[in-house]
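2 protein chains.
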Amino acid sequence: MGILVVGSVALDTVETPFGKITEGLGGSATHFSMSASYHTNVSMVAVVGEDFPEAHLQLLKSRDIDIKGIQKVPGKTFRWSGRYDYDLNNAQTLQTDLNVFESFKPQISADLKNPDFLFLANIDPVLQLSVIEQVSKPKLIALDTMNFWIQGKKDDLLKTIKKIDLITINEGEARLLTGESSLLKAARKVQAMGPKTIVIKQGEYGALLFHEGHVFSAPGLPLEDVKDPTGAGDSFAGGFMGHISKVGKVDLATLKQAVILGSVMASFNVEQFSCDRLKSLTKEDIQERFKLFVALSQFESTY
Amino acid sequence: MGILVVGSVALDTVETPFGKITEGLGGSATHFSMSASYHTNVSMVAVVGEDFPEAHLQLLKSRDIDIKGIQKVPGKTFRWSGRYDYDLNNAQTLQTDLNVFESFKPQISADLKNPDFLFLANIDPVLQLSVIEQVSKPKLIALDTMNFWIQGKKDDLLKTIKKIDLITINEGEARLLTGESSLLKAARKVQAMGPKTIVIKQGEYGALLFHEGHVFSAPGLPLEDVKDPTGAGDSFAGGFMGHISKVGKVDLATLKQAVILGSVMASFNVEQFSCDRLKSLTKEDIQERFKLFVALSQFESTY
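Chains as they are written, first to last, in numbering that gives the first Met the number 0: chain A, 0 to 302; chain B, 0 to 302.
Extracted from the complex, chain A is given alone in its bound form (with noise of 0.2 Å):
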């Protein structure tokens, strides 16, 4: 199999400048697993209460993304809501009732023990490593966190991180994560904690890959309109992951090209709110952005 994702399922309230959504389909694992499901098979774990629309259970479904791991138990589903203001890169958080995500303990069952490449969402990291405990060794370990978890579980997180192989983590919790104001440092003191391969986020700037001695830059493409940036972390590593996946395995080459397809699908995820942009692209979609990405970054190398 391809990608096994952890992560939360969500209905979020999210407003910005431009526009607002209602419960509509979010959550980590969710926007990671619609990016990945272009490029390679996901399966998701993940958690719901009983008021969970079925159509968006069906959505996933028609991205032939495998939920038989979304459990549905008695209670409400996570919900969250936030807001941006014009500087679309900081999300201001308005509520956030757990529900049924609060006593979330992911049970990998027999048939998703052996996936080729997991991606431990952002979730407690006691659960992460407890995900790590279920699995027989994939190719590739990758997880996210963010500043709640570096900040309120230090030990657990650095428990956990000694066990991956790649990190993802935005600009700022890299910093606070190490201390250091350089990226360049703070990726170093990150992989001297475990993982060789550090992708840093950088929101609308792009995202930086640091993977053993190496350093990559991907841009952030310029964009008509961003609606909702909610998700685009998610999103990106879908697209990341997607193609390490679908590529088989993790050499530089390979890893530079996937830090564009993250780029790629996070700058389609934008563009609407919820997850309604990564409902229906084409191949031909993607394959026409990559070239945005080609020509935006690409110039005469011989001077």
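Incorrect hints may appear among the rest.
Because identical chains cannot be distinguished in the list, a pair is counted as satisfied if it fits within a single copy or across any two copies.
With a Cα cut of at most 30 Å, we get these calculated DSS-like pairs of lysine-lysine [to be verified]:
(1) 152 x 75
(2) 290 x 248
(3) 188 x 290
(4) 195 x 290
(5) 19 x 188
(6) 278 x 184
(7) 19 x 184
(8) 184 x 282
(9) 195 x 161
(10) 104 x 158
(11) 153 x 112
Hints listed in this document are in silico derivations from the structure and should not be mistaken for laboratory results.
Given chain A's structure and the hints, the job is docking chain B onto it.
Leaving out everything else, chain B in the frame of chain A:
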């Protein structure tokens, strides 16, 4: 001749978390020229006071910069002092003493009236226009400006912008000038004001080039140590214009490489206080760093 630059020469007192310099050689025309001098011939037009240290003039001369256009007049040299916190993207101005710069009226002498390339560093747009009117049409006129003029002299600025081919502006200023939060939309609006080429500077994140319908993104090079960002934009412009002048034409391929060379020079500039790092670079230093930018941004473009 190569480039004519008109701008400021100053004595800068700068404090960052990494050190302090008192009355170091600064000013927009200075950083620009020191940087451009590695690529082409540069003539400076600027003003200094009687207190201006002879050693600074000697330094400029040692880089083969033509300083005949630097007038020494009675009074004190322009002084600026500022501070940067850990977020090195934003300077906090502590004091500005314009001194002799306050009554600066650039007079272009006969031997400087035929530049191939003209760079109008960040000064009053009325003075920038007066320079344009004094020279015979160069191959390219480029201009830098800042929020101070956008807010205080917008009509004059728009009049000047109409006459130029290229503008360098930082992202906040591009948004301020156009009222657009999307940089793509902002660039198009600026193009409608006159210049067909826009360079949007993004500090540590690099720079965006908009040329006719094309968009190009130069990455910021992740650096071990950034000591002093003062002059980053001007040394960027110096490398950028220097390369264009060296190549002698203004097509997309040249402009793309020029943005990279600008980024190369800016990355050196910020590694030391004042112009210290730009005093004694070698061709090999520049080529080596250019290669870092190639490795940083090139990826397999077949997908």
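Item to complete: Please write out, lowest number first, the hints stated earlier that are contradicted by the structure.
Response: When the structure is compared with the hints, none of them turns out to be violated.
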